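**Student:** Chain residues, written in single-letter form:
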Amino acid sequence: MFNSFKTISARLSGVTARFASTAANAAKPTYTAPASVTVPTQFKPNTRGNGLMQLISKEEVKRMGADGRSKLFNKASPECLRPGDVVLVETLNSMSTDKTSSFVGVLIAMDRRGLHSNFTVRNVVLKVGVEMKYMLYSPLIKSVRVMKRGEGFRRAKLFYLRDNPGRAFRLEGLVKLDKAAQAKKAAA
Amino acid sequence: MLQLKSILNVIDNSGAVWAECIRVLHGGKYARIGDEIVVVVNKAKANAVATASGVPKVKKGDVRHALVVRARKETMRPDGRYVRFDDNACVLLNKQGEPLGTRVLGVVSGELRQKRWMKLLSLAPKVV
Numbered sequence: 001m002f003n004s005f006k007t008i009s010a011r012l013s014g015v016t017a018r019f020a021s022t023a024a025n026a027a028k029p030t031y032t033a034p035a036s037v038t039v040p041t042q043f044k045p046n047t048r049g050n051g052l053m054q055l056i057s058k059e060e061v062k063r064m065g066a067d068g069r070s071k072l073f074n075k076a077s078p079e080c081l082r083p084g085d086v087v088l089v090e091t092l093n094s095m096s097t098d099k100t101s102s103f104v105g106v107l108i109a110m111d112r113r114g115l116h117s118n119f120t121v122r123n124v125v126l127k128v129g130v131e132m133k134y135m136l137y138s139p140l141i142k143s144v145r146v147m148k149r150g151e152g153f154r155r156a157k158l159f160y161l162r163d164n165p166g167r168a169f170r171l172e173g174l175v176k177l178d179k180a181a182q183a184k185k186a187a188a
Numbered sequence: 001m002l003q004l005k006s007i008l009n010v011i012d013n014s015g016a017v018w019a020e021c022i023r024v025l026h027g028g029k030y031a032r033i034g035d036e037i038v039v040v041v042n043k044a045k046a047n048a049v050a051t052a053s054g055v056p057k058v059k060k061g062d063v064r065h066a067l068v069v070r071a072r073k074e075t076m077r078p079d080g081r082y083v084r085f086d087d088n089a090c091v092l093l094n095k096q097g098e099p100l101g102t103r104v105l106g107v108v109s110g111e112l113r114q115k116r117w118m119k120l121l122s123l124a125p126k127v128v
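First to last, the sequence lines map onto chains A and B.
Residue numbers for the first sequence follow full-length UniProt numbering, beginning at 1 and rising by one.
Residue numbers for the second sequence follow full-length UniProt numbering, beginning at 1 and rising by one.
A few of these clues could be false.
[Unchecked claim] Quick list of the computed label-pair ranges, beta carbon to beta carbon:
1) B:ARG32 - A:PHE43: 39 to 49 angstroms
2) A:ALA187 - B:PRO78: 30 to 40 angstroms
3) B:GLY80 - A:ARG162: 15 to 25 angstroms
4) A:ALA188 - B:MET76: 33 to 43 angstroms
Derived from the structure by calculation, the hints contain no laboratory data.
As the structure is a prediction and not an experimental result, all values here were calculated from the model.
Backbone N, C-alpha and C fix where the C-beta goes; we use that ideal spot for every residue, glycine too.
Start from the sequences, fold in the hints, and give me the full structure.
**Tutor:** What follows is the structure in C-alpha cells.
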C-alpha cells in the first residue's frame, strides 16, 4: 500500500520533467546585473504603521534632513530655532550656481508640517517691512544661522511685531558684528 | 493683488508720491509684482522740478503707466519661498516702457529679474 505513494521529491521531479522549459531554466545560471546598475533588494515598501504618502513624506524628510536641518525644528535639540531669534538665511540663487543671497531678520513664525515645514523671517529694509517665508527642506537653502537668541518673546507667533516693532528690528549693529566675526574666522 | 482703485506709493524721483491704479494692462483683475498698470497720480511733490537729465515733472492728475515693484500680497518663488512687503509700491514708466525717473528710492522685489527691468534693478538701492 505504501509503495503506491510517491515521495514528494519523486512527485515533483515528475512534474518538472513534464515541463521541459522549467527544467532547462533551472539548469541555467542566474542573471547578475552589471556593476553600474543597483538592483533593489526591497520591492514593496514596508508601509507598516504609515500610509503610502506618509511613508514617502517621511523618507523625503530623512533624505533632505541629512545635513542636520531637522535639528532646527526639533525642540529637544539645543540648535532649535525659537520665535524671536535673529537668523541669517543663506540661499543659493539657483541649483546650478554657487552664488548665494542672504537675508537677516527676526524669526516670527515656525510651522511644523513635515516636508512642508517653514519659517517666516521679518526685517525692516530701508524703512519697509519685508517678510520672507522659507521652506526648511528646500534644497536652495544653504544655511540658517542664529545670530542672536531671542529674549523675552512669550508667543509662538510674533505677528504683533508688524504693528508694534519696538526695538526688535534694529539689526544693523548685529549684522556688522557678524560680518566682522565671519571675516576673522575666514582669515584664521 | 492690486486692482482698480488700489493706491500705491511711487518710489522713483519723478515727483509723484501716491498713485491710484485705474487699469491692469494684462487684462486680468489683479496686478502682481512685475505687472504693468495704468495709474493716475493722486499726489505729487509741489516743488518737483524737471531735472537737468530731462526727467519731466509729474503733476497731480497725470495718467501714466507704472510697474508694480512691491506688494503686500505674498508672492511665491519657484522653490516655495514667499516674499511679502509692508506696502504696495510702483515705479512710473514712459510710453516706451522704460522707467521715467532716474533714481529708485527704496527696496524692490527680486521678481523683476527679467531682461526688461534690469535697468530698474540696477537703480534700486536694495533688491530682496
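**Student:** Does each hint hold? Answer for all of them.
**Tutor:** So, going through the hints one by one against the coordinates:
no.	hint	verdict
1	B:ARG32 - A:PHE43: 39 to 49 angstroms	holds (46 angstroms)
2	A:ALA187 - B:PRO78: 30 to 40 angstroms	holds (36 angstroms)
3	B:GLY80 - A:ARG162: 15 to 25 angstroms	holds (22 angstroms)
4	A:ALA188 - B:MET76: 33 to 43 angstroms	holds (40 angstroms)
In summary, this structure violates none of the numbered hints.
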